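Generate coordinates for the entire structure from the input sequences, incorporating the hints supplied.
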Amino acid sequence: MNTPYFRGYVHPKSHTRHPHTSSAHRRSIRADIRTNLSHDDVEYSDVYSKQGDQLVLECAVNINFSTSIWLKDGQIVQTILKDNTNNKRVIGHRFLVDVSGNLLIDNVRLEDDGKWQCEAEDAFGFVVQGKPIQLTILAQPCKSVNFFSGTIIMQKIECAGIDYKRSSPEPSSFCHTKCLFSSL
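Here the sequence shown is numbered in full-length UniProt numbering, starting from 1 and rising by one per residue.
I should point out that these hints are in silico values taken from the structure, not numbers from a laboratory. Since we're looking at a predicted model, the values are computed, not measured. Among the clues, some could well be false.
[What the hints assert, rightly or not] Computed Cβ-Cβ distance ranges for the label pairs, DEER-style:
1. 125 to 46: 29 to 35 angstroms
2. 81 to 47: 21 to 27 angstroms
3. 58 to 123: 18 to 24 angstroms
4. 56 to 111: 14 to 20 angstroms
5. 46 to 66: 25 to 31 angstroms
6. 126 to 50: 34 to 40 angstroms
7. 94 to 122: 25 to 31 angstroms
8. 98 to 52: 18 to 24 angstroms
9. 140 to 64: 38 to 44 angstroms
10. 80 to 122: 19 to 25 angstroms
11. 122 to 58: 14 to 20 angstroms
12. 50 to 123: 34 to 40 angstroms
[Stated by the list, open to error] Computed cross-link-like contacts, DMTMM-like style, restricted to lysine to aspartate or glutamate with a CA-CA straight-line distance of at most 20 angstroms:
13. 82 to 58
14. 72 to 46
15. 72 to 112
Where a beta carbon is used, it is the ideal one built from N, C-alpha and C, also for glycine.
Structure, rendered in structure tokens:
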């Protein structure tokens, strides 16, 4: 049965169990039309970070929620509530969530690059997805060793391509890095 969308109607995508409460709920494609939440065609927010940085991703939803989760590339991320940080089990855990549902990523790594999105559930079981975030991790600048003098030199990286100095013997490895292109 195809039901037309009208104000306040939620079209269920699939039946699932919420990972925090294990209660049955429907994961929605669309939310209330008045709030414009959870549309499949929502554009991404682009966020850039360097390796090793500490980063906060905002769970931007327009509901008062009781629980939230974070997904990376569609997979649930195991998080710990930030208020529990004095617990010894938390030491070394990189993904913390504050009471507002925002995700704190400690010591950002290249593998954190991807699509991030929060899902929030209110007290009535209504689930809303936040705006997707495309996180791009910028690699550390490449370093190479000058075999003749033993000094470390930085490779010259240009937006048009990579310039490098040939050496003998040839370097055993070559690295590249993402760079941000800016319009002048």
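Right, here's what the structure says about each hint:
1. 125 to 46: 29 to 35 angstroms: holds (32 angstroms)
2. 81 to 47: 21 to 27 angstroms: holds (22 angstroms)
3. 58 to 123: 18 to 24 angstroms: For residue 123 against residue 58, whose Cβ atoms are near 22 angstroms apart, the range 18 to 24 angstroms holds.
4. 56 to 111: 14 to 20 angstroms: Since the Cβ atoms of residue 56 and residue 111 sit about 18 angstroms apart, the hinted range of 14 to 20 angstroms holds.
5. 46 to 66: 25 to 31 angstroms: holds (30 angstroms)
6. 126 to 50: 34 to 40 angstroms: holds (37 angstroms)
7. 94 to 122: 25 to 31 angstroms: holds (28 angstroms)
8. 98 to 52: 18 to 24 angstroms: holds (21 angstroms)
9. 140 to 64: 38 to 44 angstroms: Given range 38 to 44 angstroms: holds, Cβ gap about 41 angstroms.
10. 80 to 122: 19 to 25 angstroms: Once the Cβ atoms are compared, 22 angstroms apart, the range 19 to 25 angstroms for residue 122 and residue 80 holds.
11. 122 to 58: 14 to 20 angstroms: Once the Cβ atoms are compared, 18 angstroms apart, the range 14 to 20 angstroms for residue 58 and residue 122 holds.
12. 50 to 123: 34 to 40 angstroms: holds (39 angstroms)
13. 82 to 58: Measuring from Cα to Cα gives roughly 14 angstroms; hence the hint holds.
14. 72 to 46: Answer holds: residue 72 to residue 46 is near 14 angstroms, not above 20 angstroms.
15. 72 to 112: Measuring from Cα to Cα gives roughly 8 angstroms; hence the hint holds.
Of the hints listed earlier, there is not a single one the structure fails to meet.
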